[in-house]
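Novice: With chain Z fixed as given, assemble chain H onto it according to the hints.
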Amino acid sequence: MVCTLSLLMLSGCPQTSEDALVVYCSHDAVYAQELLDQFTEETGIPVAVKFDTEATKSLGLVNLLVSEKENPRCDVFWNNEVLGTVKLQQEGVLSPYKGAGFERIPEQFKDPEGYWTGFAARLRVYIVNTDKMEASPDEITSRLEGDLSRMAIAKPIYGTTLTHYSLLWHLWGKEKLIAWHEDNLTRHVNIVNGNGQVKDLVAAGVCDLGWTDTDDYFSALDAGSPVDVQPIRVEGHTISIPNSVAIIRESKHQEAAQRFVDFLLSEQTELKLSQSASRQIPLGTVDESQLPEETRQLREWARESHDLRQILDAHRECLEWLSAEYLK
Amino acid sequence: MTYVESLLWTLFGALLVATCDVPICLGIERLLARSSRRNRQLLWCLLFIPLFTPTLLTGYAYANFSLSLIRHPLLSRGLYLLLLGLKFLAVGTLTLVYTPPAASPSSLHAAYLLPPQNAGGILWSLRIRSFLRRVVPCFSILFVLVFQEFELSSIMVTDTWTVRLFDEQALRVPVAESLRRAVVPVLIQIGFLALCYSQFRWGTRLRANSTQLFKPLSLGSLAILWFIVLMAALLVTLFPFFFVSRSAGTGVLTVLSQKHTASQLLVSVGYGLSTGLAAFLCARWLISNSLSGGKKSHLARWLGPLLVIPGLFGSFLVSLVLQSLFQEPPLRMAYSTVFPAAIALFLFLLPRAVVVLLAMQQAGPQEHLHLARILPIDHSTRGAVHELQWRLLHQPAWLAAAILCLWGYFELTPLALLAPPGIHSIMVQLYNQVHFGRGVIVSGLLLISVLVPMALLLLVLGGRRLLAAIPSRNEHH
Chain Z
1 MVCTLSLLML
11 SGCPQTSEDA
21 LVVYCSHDAV
31 YAQELLDQFT
41 EETGIPVAVK
51 FDTEATKSLG
61 LVNLLVSEKE
71 NPRCDVFWNN
81 EVLGTVKLQQ
91 EGVLSPYKGA
101 GFERIPEQFK
111 DPEGYWTGFA
121 ARLRVYIVNT
131 DKMEASPDEI
141 TSRLEGDLSR
151 MAIAKPIYGT
161 TLTHYSLLWH
171 LWGKEKLIAW
181 HEDNLTRHVN
191 IVNGNGQVKD
201 LVAAGVCDLG
211 WTDTDDYFSA
221 LDAGSPVDVQ
231 PIRVEGHTIS
241 IPNSVAIIRE
251 SKHQEAAQRF
261 VDFLLSEQTE
271 LKLSQSASRQ
281 IPLGTVDESQ
291 LPEETRQLRE
301 WARESHDLRQ
311 ILDAHRECLE
321 WLSAEYLK
Chain H
1001 MTYVESLLWT
1011 LFGALLVATC
1021 DVPICLGIER
1031 LLARSSRRNR
1041 QLLWCLLFIP
1051 LFTPTLLTGY
1061 AYANFSLSLI
1071 RHPLLSRGLY
1081 LLLLGLKFLA
1091 VGTLTLVYTP
1101 PAASPSSLHA
1111 AYLLPPQNAG
1121 GILWSLRIRS
1131 FLRRVVPCFS
1141 ILFVLVFQEF
1151 ELSSIMVTDT
1161 WTVRLFDEQA
1171 LRVPVAESLR
1181 RAVVPVLIQI
1191 GFLALCYSQF
1201 RWGTRLRANS
1211 TQLFKPLSLG
1221 SLAILWFIVL
1231 MAALLVTLFP
1241 FFFVSRSAGT
1251 GVLTVLSQKH
1261 TASQLLVSVG
1271 YGLSTGLAAF
1281 LCARWLISNS
1291 LSGGKKSHLA
1301 RWLGPLLVIP
1311 GLFGSFLVSL
1321 VLQSLFQEPP
1331 LRMAYSTVFP
1341 AAIALFLFLL
1351 PRAVVVLLAM
1361 QQAGPQEHLH
1371 LARILPIDHS
1381 TRGAVHELQW
1391 RLLHQPAWLA
1401 AAILCLWGYF
1411 ELTPLALLAP
1421 PGIHSIMVQL
1431 YNQVHFGRGV
1441 IVSGLLLISV
1451 LVPMALLLLV
1461 LGGRRLLAAI
1471 PSRNEHH
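Chains as they are written, first to last, in the numbering used here: chain Z, 1 to 328; chain H, 1001 to 1477.
Next comes chain Z alone, as it looks inside the complex (with noise of 0.2 Å):
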């Protein structure tokens, strides 16, 4: 045990070393990795990170770093959403950071004060299967009114759907977003763990239509599924949702994390994830021209969201809500 352990040890030397600049990073390893791997090349800085899995669905790192506030080890949180950074920044686990990159990010996707701030995001869509039904909004409206036994959703207790479920707790108030809720679940709306199987129900022709993010329905796509999107409107405005960074307080490698989240805020990065297969939005002012034909769309879409900085209030309310209808 204690010779595998020294090897185990040995090969995580390079990579843990007092130097390294510890990122936990929420996005997924498949896209973030080459990026990260960049970053070191440019710099020179070893980067040792530790991503969420999809086992632990983006809810671990935000926890973990809160428990870890008295003696923090990360030193930049790279989160795939922003009420997560923002719980962070309210728990006093951040450290605020106005660099080159800040400038370029538009207000309502940023902290004022610097203490996170957004880039390449995704939408919130209905997934449709185009054998099933045409993806147009009035077609989307129509079934939405009537039985929605081929509509899925993932749980909103996490992820996106969460972020969701808070924005129309924070617009239309308790009362009507359960009434609502409750009348989808008497309707017979089909709820599943994730927006991945939101996106695999449609594309496999289970269900006609449902809720999940940009990214997923890119990856239908790209497996030649027949699924088309439309973006979730709700009171006229859209639903993006941008990644945020933040420099953890206290963290032990100040420059560097300060220069990694300049990297990461850049104009370079942001085209290189919109040409991604997750095709992530750019939030700030890009060469449009090196844009990838769906994503210009999707940028038009995105300009026209909602500012999610306001819904902390409701985010917590909503959660403990669900708390309740679920913990039961």
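If you're looking for bench data, these hints aren't it; they were derived computationally from the structure.
Keep in mind the model is a prediction, meaning the values are calculated, not measured.
From the three backbone atoms N, C-alpha and C, an ideal C-beta is built for every residue, glycine too.
A hint or two may mislead.
Partner residues are not named here, just some residues of chain Z that face chain H (Cβ under 10 Å, in silico) [to be verified]: (1) D28; (2) L144; (3) D200; (4) V206.
Derived DMTMM-like pairs: lysine to aspartate or glutamate, alpha-carbon spacing no greater than 25 Å straight-line [to be verified]: (5) K328(Z) with E1177(H); (6) K328(Z) with D1159(H); (7) K87(Z) with D313(Z); (8) K252(Z) with E1328(H); (9) K272(Z) with E107(Z).
Specialist: Frame of chain Z; chain H shown alone:
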């Protein structure tokens, strides 16, 4: 569905699988006993393939089909239970093979010699005790394995108590509250394990397999049993493997060209080997010092439950608790090392190790081993004698250690939660990749993740031949 309903459904499912699997395992045991050496090897091979197949592979192959049954939850749950039942056939059969009988051949013979008016009751009593002795451990182990399952139920959208506890974490329920809710399922598992233990504890000290006389199987039974074993390998392993790895050829090259693959493999193998062997050795020490006859250590008696019970909570809760503990002094200094994840894996594996070893405990030296030992060894017989000693003395231990290492290798959650930054296991990587659907990289990773333990097993077999070649200490007595 409420938590209590989920718990009841899981309980029902585990009872159902154990009830269905036990007669099949009894049949397979008979089949094994009546088969030629070559057929026996083939049977074991077919049984072990599903057991060692990563749950991730099976789960994702059936995830879409299971999802398509979303409006038929009973069918979906039935598929989930069928896959689990087939997967664990090897464990049930192993338990039966290594479970000691209730009565020795001499006592059975004595009972047969009794006058008919007295023999009837005694024979029936012996038969019932013998049946219970053999069935209860098998049933209990199968029950516990199905009852605490998490990964497959999570992937196949089956509501179980383990998935509910995971969801609670998403809602930021304190770990202490989750542990409180886990008490009932843990007590249920302890109850079944205690039943299993009692059959070994209060029984005779007979050796497994030595007194089992199996009647021949009918042709129909033979065909059905072979069909079930083949279906297990086909449904749990071969079909998923084929389905997912159609493009593995180019995928393997792509994965191998990625610079992190080797370190991920090393991490997975390292954790699997170290924690599997540690659990094996610890379980052996605990059993020999606190459970079996002979010398008993107070330390082992006290330490045993403390070490064994945490694993019954499942790897997810164990990992969460350790995450909290390792942030407090004096453990904080080891927080960013490999040890928290290794300890979580070790604790998760230990109850399984105890159960597996208890089942194999009685498979020690037997009369024919003694005969083998006193056989004159010369150049012409050395190989055959050592081969015999290997099969009777060492093989069960090697088998147990291999199973535990593989369980450690394929376990996802402790490494996902507790591995220090910069250390990623191949299973975590695979889990992340599979999320995006089937493709070249996933196929390559899957193939590699399965080939590595297979290669290691071959190495182990090579190693045991080396071991067999070393003269046993007993030869000198």
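Novice: All hints, please: hold or fail.
Specialist: Structure-based check of each hint:
1. D28: This hint holds: D28(Z) lies near chain H, its Cβ roughly 6 Å from the closest one there, short of 10 Å.
2. L144: Violated. Min distance 19 Å.
3. D200: Given a least distance of 6 Å, the restraint on D200(Z) holds.
4. V206: holds (5 Å)
5. K328(Z) with E1177(H): Between K328(Z) and E1177(H) the Cα gap is close to 13 Å, so the pair holds against 25 Å.
6. K328(Z) with D1159(H): The given pair, whose Cα atoms are some 14 Å apart, holds under the 25 Å limit.
7. K87(Z) with D313(Z): holds (10 Å)
8. K252(Z) with E1328(H): holds (20 Å)
9. K272(Z) with E107(Z): This hinted pair holds, its Cα atoms lying about 22 Å apart.
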